[in-house]
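There are 2 protein chains.
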Amino acid sequence: MADKAQLQEAIKTQGEVVRKLKSEKASKEQIDEEVAKLLQLKAQLGGDEGKHVFVLKTAKGTRDYNPKQMAIREKVFSIIISCFKRHGAETIDTPVFELKETLTGKYGEDSKLIYDLKDQGGELLSLRYDLTVPFARYLALNKITNIKRYHIAKVYRRDNPAMTRGRYREFYQCDFDIAGQYDAMIPDAECLKIVYEILNELDLGDFRIKMAWEDVKKEMVNEKGLSEDVADRIGEYVSMQGGQDLAERLLQDPKLSQNKQAFAGLTDMKLLFSYLELFQVTDKVVFDLSLARGLDYYTGVIYEAILSQTIPASVSTPAEQNGADEAGVSVGSVAGGGRYDGLVGMFDPKGRKVPCVGVSIGIERIFSIMEQKTSSEKVRTTETQVLVASAQKNLLEERLKLTSELWNAGIKAEVLYKKNPKLLSQLQHCEETGIPLVAILGEQELKDGVVKLRNVASREEVDVPRADLVDEIKKRTL
Amino acid sequence: MADKAQLQEAIKTQGEVVRKLKSEKASKEQIDEEVAKLLQLKAQLGGDEGKHVFVLKTAKGTRDYNPKQMAIREKVFSIIISCFKRHGAETIDTPVFELKETLTGKYGEDSKLIYDLKDQGGELLSLRYDLTVPFARYLALNKITNIKRYHIAKVYRRDNPAMTRGRYREFYQCDFDIAGQYDAMIPDAECLKIVYEILNELDLGDFRIKMAWEDVKKEMVNEKGLSEDVADRIGEYVSMQGGQDLAERLLQDPKLSQNKQAFAGLTDMKLLFSYLELFQVTDKVVFDLSLARGLDYYTGVIYEAILSQTIPASVSTPAEQNGADEAGVSVGSVAGGGRYDGLVGMFDPKGRKVPCVGVSIGIERIFSIMEQKTSSEKVRTTETQVLVASAQKNLLEERLKLTSELWNAGIKAEVLYKKNPKLLSQLQHCEETGIPLVAILGEQELKDGVVKLRNVASREEVDVPRADLVDEIKKRTL
Chain D
253 MADKAQLQEA IKTQGEVVRK LKSEKASKEQ IDEEVAKLLQ LKAQLGGDEG
303 KHVFVLKTAK GTRDYNPKQM AIREKVFSII ISCFKRHGAE TIDTPVFELK
353 ETLTGKYGED SKLIYDLKDQ GGELLSLRYD LTVPFARYLA LNKITNIKRY
403 HIAKVYRRDN PAMTRGRYRE FYQCDFDIAG QYDAMIPDAE CLKIVYEILN
453 ELDLGDFRIK MAWEDVKKEM VNEKGLSEDV ADRIGEYVSM QGGQDLAERL
503 LQDPKLSQNK QAFAGLTDMK LLFSYLELFQ VTDKVVFDLS LARGLDYYTG
553 VIYEAILSQT IPASVSTPAE QNGADEAGVS VGSVAGGGRY DGLVGMFDPK
603 GRKVPCVGVS IGIERIFSIM EQKTSSEKVR TTETQVLVAS AQKNLLEERL
653 KLTSELWNAG IKAEVLYKKN PKLLSQLQHC EETGIPLVAI LGEQELKDGV
703 VKLRNVASRE EVDVPRADLV DEIKKRTL
Chain W
253 MADKAQLQEA IKTQGEVVRK LKSEKASKEQ IDEEVAKLLQ LKAQLGGDEG
303 KHVFVLKTAK GTRDYNPKQM AIREKVFSII ISCFKRHGAE TIDTPVFELK
353 ETLTGKYGED SKLIYDLKDQ GGELLSLRYD LTVPFARYLA LNKITNIKRY
403 HIAKVYRRDN PAMTRGRYRE FYQCDFDIAG QYDAMIPDAE CLKIVYEILN
453 ELDLGDFRIK MAWEDVKKEM VNEKGLSEDV ADRIGEYVSM QGGQDLAERL
503 LQDPKLSQNK QAFAGLTDMK LLFSYLELFQ VTDKVVFDLS LARGLDYYTG
553 VIYEAILSQT IPASVSTPAE QNGADEAGVS VGSVAGGGRY DGLVGMFDPK
603 GRKVPCVGVS IGIERIFSIM EQKTSSEKVR TTETQVLVAS AQKNLLEERL
653 KLTSELWNAG IKAEVLYKKN PKLLSQLQHC EETGIPLVAI LGEQELKDGV
703 VKLRNVASRE EVDVPRADLV DEIKKRTL
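Residue numbers (my numbering), protein chains in the order written: chain D, 253 to 730; chain W, 253 to 730.
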């Protein structure tokens, strides 16, 4: 802890930094960050009368999910997981941090974005940067040579957050990968089929899946001793988009097909496209040799799915809304992946390779879009079927007893935690949270052995014998 | 990076440490840790021909979940989440790290177990230690004064791992909390009802829920100027266990009931017990005033659920198995919680209080038990309904086409990624992974417009018209 005079000096300096940024109309994010530092300094000093002043915020680039956001998140996950399961995938989980050296040398330039843990004695650790490297480590550690698995978990990048566009420092990845030595292009085709199915089912509007070929591109772009004429032609190819016909055309170019690696790549491209035709997904897939993926580990086909429409800036939270004065941002890539046949071998002591191909769904961008789509809608955040209520006083015990009976019968039921709540406030709770039914108890109902079941929307009420209540609720909330 | 001579010296020293520990028959965990350090040093030096040697392991105290463990985890979560939803809970999520100062001063002695992130510029961050403090921060930040929410997520403690007993450095917490100003003891009773329901449904054997009262205990234990006679009597009370009668008996002791706080606490104890009777859970609940919870923030009722049986040491992973020579360990506490009325106010700039009560399910211990219970059983890790197969060559395209048709109809289907797999290996895949049906294609079936549907268990085969295949599979895999 710095001494008081030092702290006061630091607070003064930091205050000037904030004032300067404000006068320069710096970005909201930049100002927020400097204000946070100022508040932290003030907190160290202690507030009035020694009362500790907290900086009440989440860490930069991270966010809480409120119940409505969680409901949307669960809906999106459920669609995606159903698809993965339909394709026979298992799931695994790995720790949020790995030995630092496990991540070293896998991400090229981006390694500087890795979060390290403080050295508190023991091992040097880092937060995972993606799910692919931990997956490869898992395969090598457990000597697994084939698996089809999905993994949905958070990853961490010390990136410049752009939260209005769904870019965070803590965010979900949602990966499906097929590891194993198989006949060419069949698993690759299944990955693309999965992207197609998921984007269709999420109903996010039109999309395109763009594919390129790491090997072919390297050959085309890095070929040495190229005549000017050939170089021009290759430039033309790289900017071309197309389907199977493009693969065919490239194969017919002797310059390319004479090169062993390029020929193998082009043959695979053709084969992949024939499988995609069987899977009926070619209407959305194009070869686009200008495509590049940022990571070092890709070795074969690479792909990216892109939404066609431009969507308005996110309106997910008030804080973000204030910062978002762009009229609209392109959502861009919502899925990507490719083949990485060398990564597992980097972890194996004997360098044994396990060929892998996979896809990562850009779930945060999808959340952003879904949040906007539902921003004006009412989204239920509970599944409660019935509220146990009363219009009369002194019936708390009866309400608790009936609620307990319903819970024991598997009914989703709530009761207000008040001795004598007003009927109106009980009905209001239902309206606000979307509970469809109210089970009303009164002296008369207790005497008659019935419960008054009220439909919140229609206001209809009917007396139901207590023994039939569970069935009646189930029937009305199918 | 240290220079080569220094590294070689360090490796030599570390090698001696390992040999010494082995000769002293130190614990496996201790040896593993020192071996890991040795390997890390060797890795820094680089292996033969400059090839990098990886230390292939997960961080100390953490583990991967393999597909079988994930299947068990999902089953446990599904039971618990169903219960939370039955009680009308919403869910939220918070980031895995918080500003360091958010966690400061909440955990007493245990604060030394908090993982800090390295200072890479910007804010000082720590990994969350539990879900309760982030929940309180969330309420204060968003000015929420009432909510019933659950939160299932991983938390981090630099504790001494005892993985054979389900104690990890990264582990799940599974929390249910009710925040808000309500009539006394109703939310508290619901929390206990939830513990009761979950432990019943998980079918882990007999259990007891022990309750104590922070306020009452403080009064009883810290009361000044106590005569020896009264002190003795209080010692007796503290060691007593009982139900409503105990609360009654304590209330009748003038020494206690004359104290305002103790009287209020005892009155609440009585009230709580009456609600627990309405919820029909008193058969498992006892007051046990010797109970203590480790955390600073509890203010009222506290409780803990304990399994009655002793279970054998975990057999979850080979590494753990080797280290587990204890014949059997007590599983002990599998749930705990209590009332913490002051925590949210610690985050509010004006100190506004939001009363809270909650419960945390000890999910890792429950996983351990479930893993042992199923260690000899076959647990399915996929939900695949049918494998599309062929006994003849050159039918890959037909297999892919049919598989795609099934996926499009929502059937969970797999196909082997081989051009010409043997029928036997296709059937073996079904046996190994529990796929119940095989859809077999051959030249004859294609000509006749049928598919041979085979039941893997009974080996029965029947020709199904292709148009009826989806319905037939659905019917047979209900």
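For the record, the hints were derived by calculation from the structure and aren't laboratory data. Heads up, some of the hints might be wrong.
Given that identical chains are not distinguished, each listed pair holds provided it fits within a single copy or across any two copies.
In silico BS3-like links for lysine-lysine, alpha-carbon gap of 30 Å or less [stated by the list, open to error]:
id, residue 1, residue 2
1, 294, 645
2, 274, 352
3, 653, 602
4, 727, 653
5, 726, 630
6, 406, 370
7, 309, 294
Note that this is a predicted model, so its numbers are computed, not measured.
Note to self: Tell me the hint numbers this structure goes against, listed in increasing order.
What the structure shows: Failing hints, ascending: 1, 3.
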